[in-house]
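Those protein sequences? They're chains Z and F, same order as listed.
Position one of the first sequence corresponds to residue 152 (this note's numbering), numbered consecutively onward.
Position one of the second sequence corresponds to residue 2 (this note's numbering), numbered consecutively onward.
No lab work stands behind these hints, which were simulated from the structure alone.
Honestly, I wouldn't trust all of these hints.
Stated by the list, open to error - With the Cβ distance kept under 7 Å, some of the chain F side facing chain Z (calculated, not the full set): (1) Lys27; (2) Asn28; (3) Leu29; (4) Lys32; (5) Ile33; (6) Thr35; (7) Asp44; (8) Trp45; (9) Val47; (10) Leu48; (11) Thr49; (12) Ile53; (13) Pro112.
Stated by the list, open to error - Computed Cβ-Cβ distance ranges for the label pairs, DEER-style: (14) Z:Lys158 / F:Leu88: 42 to 48 Å; (15) F:Gly95 / Z:Tyr226: 57 to 63 Å; (16) Z:Lys315 / F:Gln38: 46 to 52 Å; (17) Z:Lys229 / F:Val90: 35 to 41 Å; (18) F:Leu109 / Z:Gly201: 35 to 41 Å; (19) F:Gly95 / Z:Asp182: 26 to 32 Å.
What the hints assert, rightly or not - Reference listing, derived: stretches of chain Z covered by chain F, where coverage requires no fewer than 3 residues with Cβ under 8 Å from a Cβ of chain F: (20) 212 to 223; (21) 289 to 300; (22) 306 to 317.
Using N, Cα and C, we set each Cβ at its ideal position, and we do this for glycine too.
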Amino acid sequence: MDDSQKKFSKIYDQYISRIYRFVFLRVNSRDMAQDLTSETFTRAWDKFKGNSGSEVKNWLGFLYQIARNLVTDFYREKGKVQIISASYAPTLTDPSIGLEEKAFLSSEADQIKAVLSKLGEEQQEVIIWRYLDGLSTKEISQILNKSEGTVRVIVHRALEALRKELSSFNQ
Amino acid sequence: MGRYSVIILTSTNKHKIDFFFKMNEKNLIKKIQTLKQIEPEKDWVVLTKRQIVGFEDVQMKPSFIDQVLEVFQVLPGFNYKLALATLAVILTLGGTIGFSQAALPGDLLYPVRKFVDKTGYLFVSKNDQPKLGLEIANKRLEELTMIAQNNQGRNLAPAINEFRQSMVEAADKLKIVDGSPKITEEIVKETGKLKENREKVEALGVVVGETKELNRALSQLVEREIKDLESRSLTEEQIGILTQAKQDFKDGSYEKALEGILILSYPQP
Chain Z
152 MDDSQKKFSK IYDQYISRIY RFVFLRVNSR DMAQDLTSET FTRAWDKFKG
202 NSGSEVKNWL GFLYQIARNL VTDFYREKGK VQIISASYAP TLTDPSIGLE
252 EKAFLSSEAD QIKAVLSKLG EEQQEVIIWR YLDGLSTKEI SQILNKSEGT
302 VRVIVHRALE ALRKELSSFN Q
Chain F
2 MGRYSVIILT STNKHKIDFF FKMNEKNLIK KIQTLKQIEP EKDWVVLTKR
52 QIVGFEDVQM KPSFIDQVLE VFQVLPGFNY KLALATLAVI LTLGGTIGFS
102 QAALPGDLLY PVRKFVDKTG YLFVSKNDQP KLGLEIANKR LEELTMIAQN
152 NQGRNLAPAI NEFRQSMVEA ADKLKIVDGS PKITEEIVKE TGKLKENREK
202 VEALGVVVGE TKELNRALSQ LVEREIKDLE SRSLTEEQIG ILTQAKQDFK
252 DGSYEKALEG ILILSYPQP
């Protein structure tokens, strides 16, 4: 194992879970999440091999950039149809969800996952980055290539949207 | 007026509403964080890494040094390089000390072993120093025995010198004995051991020579104890023991004399 393999191996170990979670929440499919995450790291490794990664200052941001591009490409290829896991179909297609389905989505994580998938692409991303991965506004602004002020507004609106969706989900 | 009472928020109400929203936000963030339980399958993580990076050792376990340094990373002003250098010095010292414990007189690391032995004096009370002195002397005799047994001629002379030197030091420490029963008992024990070890090494054909300093120190100690006993009123049986101790003292059997003194001065229950 050479030095670059060792270094990249550390990057992989450090970020694999976060990138997988980000992709999984965006595509709602385990298989797709695995494929896209794998592709994310393959591209990152190619970049790393090319110049030993010296050009990349923020690996997490860089990986998120690749992952979100891949997710976008994925939806574009699928004719802009968001793939939704079968378990969430009732909540998204039928507002008058039955008691049985509600019980099915009883756990908090399942609920929030279902509700999150109803938000817009950017809102989902900022919620994940800000509140799951603990990224600062500055870090998010670098990934999105937007000003910190704009990011603050997006985060605020995303949280409000999520609150609304959650409240209508529980009604 | 009725309309105003509905719209205008008093300061107290405003706090209540803010608090309500803050609590909601807090709960909402808490709910979002339940998604942290989403984890990739471990097998998939391992396999994918192998496919991408192309090697077997997938889960890079942090090295022992990294684990140790991680503990100190919580300290304010933690400096990785400085901590690593300090750790390296500590490990080198530790390793040297560890290896030195197997060193014999004449070996490169032997001075380290001697130094470690001597630092023992810093950690014991003054009263325990005579015992430690005799223990070190016994150690030197054991080393000498080992050298003689292994026929390491090159180390023999330095080992004899080390033993003699240790005896001088032990004698020196004996001068400070205050005559407490525990210490006298330990001196008797260690002196007995010293005698045994000496006999062992002499049986191997090694002549360690006279140990005048220790004999002198023991002689002074016995003499002091005998004088003290003579000033006390003793039973006939005790007088008999004291007479025997005096005879042992005259014969130069200080260890035997001390045994008698111990019985008289500090009778066992």
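| said: Please check whether Gly95 (chain F) and Tyr226 (chain Z) have a Cβ separation lying inside 57 to 63 Å. | reply: holds, 58 Å
| message | Hint Val47 (chain F) vs chain Z: min CB-CB distance below 7 Å? | response | Violated: closest Cβ of chain Z sits about 10 Å from Val47 (chain F), beyond 7 Å.
| request: Would you check whether Asn28 (chain F) satisfies its interface hint, that is, whether its CB is within less than 7 Å of any CB in chain Z? | output: violated, 10 Å
| query | Should the hint that Lys229 (chain Z) and Val90 (chain F) are 35 to 41 Å apart at their CB atoms be regarded as holding? | reply | violated, 60 Å
| Is the interface hint for Leu48 (chain F) satisfied, with its Cβ closer than 7 Å to some Cβ of chain Z? | This hint is violated: Leu48 (chain F) lies away from chain Z, its Cβ roughly 9 Å from the closest one there, beyond 7 Å.
| field | Supplied contact hint for Thr35 (chain F), tested at 7 Å Cβ to chain Z | value | holds, 4 Å
| Per the hint of 46 to 52 Å, is the separation of the Cβ atoms of Lys315 (chain Z) and Gln38 (chain F) within bounds? | violated, 24 Å
| When you take the CB atoms of Gly95 (chain F) and Asp182 (chain Z), is the distance between them in 26 to 32 Å? | violated, 52 Å
| Are there three or more residues in the segment 289 to 300 of chain Z whose C-beta lies closer than 8 Å to some C-beta of chain F? | It is violated: at least three residues are needed, and the segment 289 to 300 of chain Z offers just 0 whose Cβ sits closer than 8 Å to chain F.
| task | Classify the hint on Ile53 (chain F) as holds or violated, based on whether any CB of chain Z lies nearer than 7 Å to its CB. | result | holds, 5 Å
| request: State whether the coverage of the segment 306 to 317 of chain Z by chain F holds or is violated, taking the criterion as 3 or more residues with Cβ-Cβ distances under 8 Å. | output: holds (count 4)
| Should the hint that Ile33 (chain F) touches chain Z count as held when the rule is a Cβ pair under 7 Å? | Nearest chain Z Cβ about 4 Å off; hint holds.
Going down the numbered hints, you'll see the structure goes against 1, 2, 7, 9, 10, 13, 14, 16, 17, 18, 19, 20 and 21, while the others check out.
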